[in-house]
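Enquirer: Listed here are the chains, written in short residue letters.
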Amino acid sequence: MSSIPSLTRKLIRVLQVTALGASALILLFVVVLLIAESRWNRPVEKPDEHSAFLYASTGTELMPKVVFDVLPDMFPDHFQPAGPAAGDWITQFGFIRGRPGINEGLPLGFSISYQRPKSGAPSPVAFVGFSCGLCHVSPLTKPDGNTVMVEGMGNASLDFIAWVDGVRSSILDKRMTPAAIGEACERKFHRKLTAGEKIMVRAWLPGSRRFFENNLPKYDAPFSGRDLRDANLLPNGPARTQPFRNLIRIVLDRPATSGDHAYCKVPSLYEQKNRHWGQYDGSVGNRLSRSVLAAIATGATTDNLLEPHIESGVLQAVNYTVNLHGPRYAAFFPDRAAAVNSQQAARGRAVYMRYCVDCHGIRDEQTGAWTMGRLTGEVVPAQTIGTDAERLSFRYYDELPDAIFAFFPKGHPLRPKREDLRPGPKGRVRGYMNAPIESVFARAPFLHNGSILTLAELINLKPRRDVFYRGANVYDPDDLGLASPPSPTTTVYWRYDTHARGNSNAGHDYPWPYRGTGWNEPDLMDLLAFLKTQY
Amino acid sequence: MNEIAKRIGITELTNIFVPFALLLAAALVVPEARQDVLHARIIFTIWVSLGFLIPSVVLFFLPGQGPKKSAYWLLCWTAGFIAYIVHFYYTVGVFFHGSLAEVYSAQRPVIATSNLIDTVWWALDVFLAWFVLDRKWIRVQRVLAHIYIPATFFVSAVLIKHGFVKGLGIVMTIAVGIALIIRFISWRNRAEGHTAVTMAPPGAQA
Numbered sequence: 001m002s003s004i005p006s007l008t009r010k011l012i013r014v015l016q017v018t019a020l021g022a023s024a025l026i027l028l029f030v031v032v033l034l035i036a037e038s039r040w041n042r043p044v045e046k047p048d049e050h051s052a053f054l055y056a057s058t059g060t061e062l063m064p065k066v067v068f069d070v071l072p073d074m075f076p077d078h079f080q081p082a083g084p085a086a087g088d089w090i091t092q093f094g095f096i097r098g099r100p101g102i103n104e105g106l107p108l109g110f111s112i113s114y115q116r117p118k119s120g121a122p123s124p125v126a127f128v129g130f131s132c133g134l135c136h137v138s139p140l141t142k143p144d145g146n147t148v149m150v151e152g153m154g155n156a157s158l159d160f161i162a163w164v165d166g167v168r169s170s171i172l173d174k175r176m177t178p179a180a181i182g183e184a185c186e187r188k189f190h191r192k193l194t195a196g197e198k199i200m201v202r203a204w205l206p207g208s209r210r211f212f213e214n215n216l217p218k219y220d221a222p223f224s225g226r227d228l229r230d231a232n233l234l235p236n237g238p239a240r241t242q243p244f245r246n247l248i249r250i251v252l253d254r255p256a257t258s259g260d261h262a263y264c265k266v267p268s269l270y271e272q273k274n275r276h277w278g279q280y281d282g283s284v285g286n287r288l289s290r291s292v293l294a295a296i297a298t299g300a301t302t303d304n305l306l307e308p309h310i311e312s313g314v315l316q317a318v319n320y321t322v323n324l325h326g327p328r329y330a331a332f333f334p335d336r337a338a339a340v341n342s343q344q345a346a347r348g349r350a351v352y353m354r355y356c357v358d359c360h361g362i363r364d365e366q367t368g369a370w371t372m373g374r375l376t377g378e379v380v381p382a383q384t385i386g387t388d389a390e391r392l393s394f395r396y397y398d399e400l401p402d403a404i405f406a407f408f409p410k411g412h413p414l415r416p417k418r419e420d421l422r423p424g425p426k427g428r429v430r431g432y433m434n435a436p437i438e439s440v441f442a443r444a445p446f447l448h449n450g451s452i453l454t455l456a457e458l459i460n461l462k463p464r465r466d467v468f469y470r471g472a473n474v475y476d477p478d479d480l481g482l483a484s485p486p487s488p489t490t491t492v493y494w495r496y497d498t499h500a501r502g503n504s505n506a507g508h509d510y511p512w513p514y515r516g517t518g519w520n521e522p523d524l525m526d527l528l529a530f531l532k533t534q535y
Numbered sequence: 536m537n538e539i540a541k542r543i544g545i546t547e548l549t550n551i552f553v554p555f556a557l558l559l560a561a562a563l564v565v566p567e568a569r570q571d572v573l574h575a576r577i578i579f580t581i582w583v584s585l586g587f588l589i590p591s592v593v594l595f596f597l598p599g600q601g602p603k604k605s606a607y608w609l610l611c612w613t614a615g616f617i618a619y620i621v622h623f624y625y626t627v628g629v630f631f632h633g634s635l636a637e638v639y640s641a642q643r644p645v646i647a648t649s650n651l652i653d654t655v656w657w658a659l660d661v662f663l664a665w666f667v668l669d670r671k672w673i674r675v676q677r678v679l680a681h682i683y684i685p686a687t688f689f690v691s692a693v694l695i696k697h698g699f700v701k702g703l704g705i706v707m708t709i710a711v712g713i714a715l716i717i718r719f720i721s722w723r724n725r726a727e728g729h730t731a732v733t734m735a736p737p738g739a740q741a
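First to last, the sequence lines map onto chains A and B.
Residue numbers for the first sequence follow the working numbering, beginning at 1 and rising by one.
Residue numbers for the second sequence follow the working numbering, beginning at 536 and rising by one.
Any given hint could turn out to be false.
As the list claims (entries may be wrong) - Heads up, simulated EDC-like pairs for lysine to aspartate or glutamate below, C-alpha to C-alpha not over 16 Å straight-line:
| hint | chain 1 | residue 1 | chain 2 | residue 2 |
| --- | --- | --- | --- | --- |
| 1 | A | K462 | A | D476 |
| 2 | A | K198 | B | E567 |
| 3 | A | K410 | B | E637 |
| 4 | A | K174 | A | D77 |
| 5 | A | K188 | A | D88 |
| 6 | A | K188 | A | D73 |
To be verified - Across the chosen pairs, the derived CB separations fall in these ranges:
| hint | chain 1 | residue 1 | chain 2 | residue 2 | range |
| --- | --- | --- | --- | --- | --- |
| 7 | A | D398 | B | P554 | 50 to 56 Å |
| 8 | B | R723 | A | A36 | 53 to 59 Å |
| 9 | A | P206 | B | W665 | 39 to 45 Å |
| 10 | A | R9 | B | K701 | 41 to 47 Å |
| 11 | A | A36 | B | H697 | 32 to 38 Å |
| 12 | B | A561 | A | R428 | 49 to 55 Å |
| 13 | B | I713 | A | P124 | 46 to 52 Å |
| 14 | A | R418 | B | A561 | 39 to 45 Å |
| 15 | B | V645 | A | R418 | 22 to 28 Å |
| 16 | B | I713 | A | A406 | 39 to 45 Å |
| 17 | A | R428 | B | P554 | 57 to 63 Å |
| 18 | A | G145 | B | A561 | 58 to 64 Å |
If you are wondering where the hints come from, they were derived from the structure by calculation, not from laboratory data.
In this text, a Cβ means the ideal position worked out from N, Cα and C, and glycines have one as well.
Please build the complete structure, drawing on both the sequences and the hints.
Expert: Encoded structure:
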């Protein structure tokens, strides 16, 4: 055994050199890939505030754009709950249809970015996520059928939670495979997936599916098909979500299933400069923190919110809401606005000054600025205001602020200040905040839970409806709010029963309870006319 | 290059570089398929680092002065260091945005400081081992580095972390412990005048 034949030795040498070369090449390839990767996330210019609000990513990347494009075709059962004849998913879930050439034609509120979900790591192909405009821009359909977009108004037709269930159903559906996505792409676009798309779909699908599977104990299995429109199964319905339930799930890692009926209407965001504390219960005292928490509740992470693109987009979008002016009634309904005579408006103003201004304030006609009332900004205890209290009584209401505070790593630039979260050092009243009501006609449906369709009902000029239907309701320019058909239709389908938990339309009986002591119809008609002049 | 570096032949180089390159490549690429890309890279690269730190420290403490042994020691020591630097880059450079202030506000000062000492000291010793001729002070600091660096890994992997890295940390602790015991026995045997326990350095029979 003293000498190995030289041929064998040579062979070993060749093998060694080959192995060295090959492994060096592999390592080199990886390094090149990493360098390339750092360039995928295209350095876009800082978006202006307006387009950031409408289109910029909030760190909530959901899926590769190609998957987003074909998913509804792959799973009509999850995306067309009312059947194929009732329109595509955009119509059926109340999204706002995009326009060709703008943001790649996506429905309004979906962002395009080159980063992957959760990590914010760069991607060679586009991913789709949510922008603020998804929830905070609303269609307003006039009785003549014309629809206008109201920026800042909470989307009154968006059935967000149902749509998310449709998405979860599809991603959990075992028929969804990279190959099936490729075939759907060929059917729709007559092209194969690009190499980048193939890689990203393969990388994304297992991770995303694992994420939804792991979350099943917390979120429960999603509904699908006709069930998506059943108010008993999906108690949120159009225009409402449960952001705080999601925060509990994400921040406290609890299912939040035991009696959480804190349904929240997507609020209107006009002139955020007029409020320091926000949320219906006045629980978050900083504009940026509100949006950061909204982003976390819809799937952003403390990591990806720090990606420069995402962070600057969120900051710009928040800035946009500072001076975002709501619409004027006269701009949408000029004839009816002209019909309000000035004496009537003046009488209505007097009613408002007597019964409303202390809590809500009023616009100064001279300066155009909102003048705060004596009590504006204060939180009225739930028992006093008498509106549905579920939004204030869910489990962990008291624990949540500390948990949110702890959720952000120390030193994280977007970490909310503890004193900006309530209950906390700055107050622990459980109630609703007396907030400015800029562009009051364009805040429908009313109250934090969207339980009152029109201002005529809110001020108790007309009796409040016990049961009505929600979806793409037409605007009612006389009663100022949403019209409801007497029975469900394919577009206005979701049964709102005000007797169900979290849905109460009681309380806020200002100026007087309906036909109660002091009730006076002419004054209320004047007040309603006056509200038409307000913006 | 110094004496140790010159002892590295193509066989030793192949035996260490090939697994090193493949493992490091995997540690960087496999995370692409995960939702927490950066986090996974940070974790996988420290696994690779520990994977090479363990044999290097074991070889260092085992008795014997064979050329192969020191060649393998240097290769593993260097491979572990390179993986550590990649880990360091993703942690401090990317996760903490290159800001020491962020590092210190997120980690306890003792931990943050000792990680920085690891980095500097390891870099220094790798440099000395490749390029500077052997001197007494170098040997002394090297022994200290081989105590200090594994000790910090012990604290973070075994005492603080959980999961696979803790397993690696325990393997390291046991392996280094055994190496030290062997060293001790061989030293005592020699001191008592017995013939030394001859441990063939790895690869010596090739």
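Enquirer: Does each hint hold? Answer for all of them.
Expert: Okay, the hints, checked on the actual structure:
no.	hint	result
1	K462(A) <-> D476(A)	holds, 14 Å
2	K198(A) <-> E567(B)	holds, 13 Å
3	K410(A) <-> E637(B)	holds, 9 Å
4	K174(A) <-> D77(A)	holds, 14 Å
5	K188(A) <-> D88(A)	holds, 15 Å
6	K188(A) <-> D73(A)	holds, 8 Å
7	D398(A) <-> P554(B): 50 to 56 Å	holds, 54 Å
8	R723(B) <-> A36(A): 53 to 59 Å	holds, 57 Å
9	P206(A) <-> W665(B): 39 to 45 Å	holds, 42 Å
10	R9(A) <-> K701(B): 41 to 47 Å	holds, 43 Å
11	A36(A) <-> H697(B): 32 to 38 Å	holds, 34 Å
12	A561(B) <-> R428(A): 49 to 55 Å	holds, 52 Å
13	I713(B) <-> P124(A): 46 to 52 Å	holds, 48 Å
14	R418(A) <-> A561(B): 39 to 45 Å	holds, 42 Å
15	V645(B) <-> R418(A): 22 to 28 Å	holds, 26 Å
16	I713(B) <-> A406(A): 39 to 45 Å	holds, 42 Å
17	R428(A) <-> P554(B): 57 to 63 Å	holds, 59 Å
18	G145(A) <-> A561(B): 58 to 64 Å	holds, 60 Å
Checked against the numbered hints above, the structure violates none of them.
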